[in-house]
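Q: Model the full structure from these sequences, guided by the hints.
Single-letter residue listing:
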Amino acid sequence: MHNALTIALKDWRLAGRTRDTLLSTAFFAGLLLLVLGIGLGSGLGAEAVQLRPAAAGAVWSALALAAAVAAGRAFASEQEAGALEALTLYPGAHGGLYLGKLLGTLVQMLLLSILVVPLGLLFFGALGAGVAVPWLPLVLTVLLGVLGLSASSTFYAAITVNLRAREALLPALAFPVLIPVVLASVQATRLLLLGGWSAEVGTWLGFLAIFDLSVIVISTLLFPFVLEN
Amino acid sequence: MMQAQAKLNVPAGRDRLTPALGILTLVLMLAGLYIGLSSPPDVNQGTLVRLLFIHVPAAWLSYLAYGGTGLFGLLYLITRQRRFDRLSLSSAEMGLMFTVATIIVGMLWAKPTWGAYWVWEPRLTTTALSLVIYGGYLLVRSLIEEPERRARVAAVIGVVGTLYVPVNYMAVEWWRGIHQTQTLKLLGNIGFAASPAYGIALLVMTLAFTVLYFYLLRVRGKIALMQELREEREFGMDLPTAQASQQDGVQRG
Numbered sequence: 057m058h059n060a061l062t063i064a065l066k067d068w069r070l071a072g073r074t075r076d077t078l079l080s081t082a083f084f085a086g087l088l089l090l091v092l093g094i095g096l097g098s099g100l101g102a103e104a105v106q107l108r109p110a111a112a113g114a115v116w117s118a119l120a121l122a123a124a125v126a127a128g129r130a131f132a133s134e135q136e137a138g139a140l141e142a143l144t145l146y147p148g149a150h151g152g153l154y155l156g157k158l159l160g161t162l163v164q165m166l167l168l169s170i171l172v173v174p175l176g177l178l179f180f181g182a183l184g185a186g187v188a189v190p191w192l193p194l195v196l197t198v199l200l201g202v203l204g205l206s207a208s209s210t211f212y213a214a215i216t217v218n219l220r221a222r223e224a225l226l227p228a229l230a231f232p233v234l235i236p237v238v239l240a241s242v243q244a245t246r247l248l249l250l251g252g253w254s255a256e257v258g259t260w261l262g263f264l265a266i267f268d269l270s271v272i273v274i275s276t277l278l279f280p281f282v283l284e285n
Numbered sequence: 037m038m039q040a041q042a043k044l045n046v047p048a049g050r051d052r053l054t055p056a057l058g059i060l061t062l063v064l065m066l067a068g069l070y071i072g073l074s075s076p077p078d079v080n081q082g083t084l085v086r087l088l089f090i091h092v093p094a095a096w097l098s099y100l101a102y103g104g105t106g107l108f109g110l111l112y113l114i115t116r117q118r119r120f121d122r123l124s125l126s127s128a129e130m131g132l133m134f135t136v137a138t139i140i141v142g143m144l145w146a147k148p149t150w151g152a153y154w155v156w157e158p159r160l161t162t163t164a165l166s167l168v169i170y171g172g173y174l175l176v177r178s179l180i181e182e183p184e185r186r187a188r189v190a191a192v193i194g195v196v197g198t199l200y201v202p203v204n205y206m207a208v209e210w211w212r213g214i215h216q217t218q219t220l221k222l223l224g225n226i227g228f229a230a231s232p233a234y235g236i237a238l239l240v241m242t243l244a245f246t247v248l249y250f251y252l253l254r255v256r257g258k259i260a261l262m263q264e265l266r267e268e269r270e271f272g273m274d275l276p277t278a279q280a281s282q283q284d285g286v287q288r289g
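The listed protein sequences correspond, in order, to chains A and B.
Per our numbering: the first sequence ends with 285, consecutive numbering throughout.
Per our numbering: the second sequence ends with 289, consecutive numbering throughout.
Be a bit skeptical, because a hint or two may be false.
Unchecked claim - Simulated DEER-style distance windows between Cβ atoms: (1) L79(A) - A152(B): 36 to 46 Å; (2) G235(B) - E141(A): 27 to 37 Å; (3) V189(A) - P202(B): 45 to 55 Å; (4) A139(A) - K147(B): 49 to 59 Å.
Source of the hints: derived by calculation from the structure; they are not laboratory data.
In this text the structure is predicted, and so the values were computed from the model without any measurement.
Every residue, glycine too, gets a C-beta built ideally from N, C-alpha and C.
A: And the structure:
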């Protein structure tokens with residue numbers, strides 16, 4: 057756990073200095089929201105009512121695609137500097153390395169979602185349209201969803217970092233596994249935006265929590281096999 | 037050559053089990069077909085209901101194969117025996133093949149009953165997703181040339197991919213779509229949601245497909261072994277020392 061924190065701190069410091077991941081993912085997510093916004097309708101009059109449920113889908117598409125971009129960068133700096141092997145030589149379980157990388161990606165993804173979620177809701181008429189937004193469960197949904205997205209995409213980033221065509225392969229491998237997270241997050245967000253907290257939202261969040269937990273546990277256990285060279 | 041064979045776990049002796057499994061599959065299939073075709077047509081669906089005897093067992097086989105991919109992958113990671121990698125590969129290919137079969141039969145069934153070949157419905161979508169997950173597994177295999185590394189990375193992807201199986205199985209429960217819920221419930225109260233007349237045919241066919249899985253697993257595993265032996269041989273030919281010793285062998289022979 058100590059190793060994990062050290063690696064996460066290193067990654068945060070690096071991210072704070074270069075801001076390349078944060079800027080590229082924010083730019084990417086913003087672009088996606090714009091395209092979807094133009095494609096789906098003007099948000100005026102009757103169209104506004106139809107647009108509101110789309111907010112959940114738009115926000116989560118942006119976050120899921122951004123997660124693939126962010127995770128692609130997670131191991132890239134070490135790979136480019138030839139430091140990945142040195143990192144694996146440090147004492148301590150390799151699982152800690154995964155958790156550290158996950159924490160590093162997670163925080164950047166959370167920062168991104170602080171930007172993307174309110175903006176997305178605003179663009180798609182779910183915020184400031186005279187409808188109350190249940191913020192507390194929404195924050196919980198975003199936390200669980202972003203955790204799931206980061207957990208599996210970071211894991212696959214480690215698998216693909218040494219492969220040919222890694223940029224192309226990472227989304228192809230990670231997205232199918234991300235789909236349950238995206239589905240559950242979209243459903244929970246949509247239900248929250250339409251009718252506030254309900255038992256159904258609770259079921260989705262429960263599913264998300266279990267899925268996140270299993271992805272993290274399985275990935276931590278399998279991580280040593282990914283890194284062996 | 038002997039060394040390579042030891043590393044690849046080449047089985048010794050004659051294989052009697054594989055043909056036996058093949059014959060058993062054939063007998064069970066014929067029996068299942070006979071019972072299935074002689075069962076009465078359904079009140080609502082008429083003769084269409086017989087698609088059940090192919091659709092459900094094919095889906096079952098694909099789950100079995102995906103489970104096998106994960107299990108053999110895990111066994112490879114633990115034991116590092118190459119035969120588990122070959123079985124994992126065979127399982128993944130079979131899973132893909134039978135998922136395609138399930139989808140095609142399902143589409144033929146969906147057109148007359150639902151009115152469309154394909155709808156974006158949870159079970160269908162998660163089933164289609166498995167094609168992407170295990171397609172990715174095979175794609176990564178094709179990109180890594182070094183056998184040990186290929187086996188290890190593939191095993192990891194195969195194990196994580198297993199997460200998809202419960203999601204797909206439960207998709208009909210979690211997202212109430214147009215697809216009917218499980219015909220054979222395995223969780224909670226075990227139950228069978230159809231007439232017993234169909235139950236026997238379905239059971240026999242499911243059994244036949246299960247045996248078919250093990251039969252094809254062994255056949256495909258053998259082919260994979262031959263491929264690996266050929267790769268080793270070709271690799272050996274590239275090395276000068278191996279070349280020299282091979283020439284020695286030719287001269288002596």
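Q: Look at each hint and say if it fits the structure.
A: Comparing the hints with the structure gives:
1. Against the hinted window of 36 to 46 Å, the Cβ-Cβ separation of L79(A) and A152(B) comes to about 44 Å, which satisfies the hint.
2. Evaluation of the 27 to 37 Å hint for G235(B) and E141(A) yields a failure: the beta carbon distance comes to about 58 Å.
3. Checking the proposed 45 to 55 Å range against V189(A) and P202(B) shows it is violated: the Cβ atoms sit about 33 Å from each other.
4. For A139(A) and K147(B), the Cβ-Cβ distance of about 56 Å falls inside the hinted range of 49 to 59 Å, so the restraint holds.
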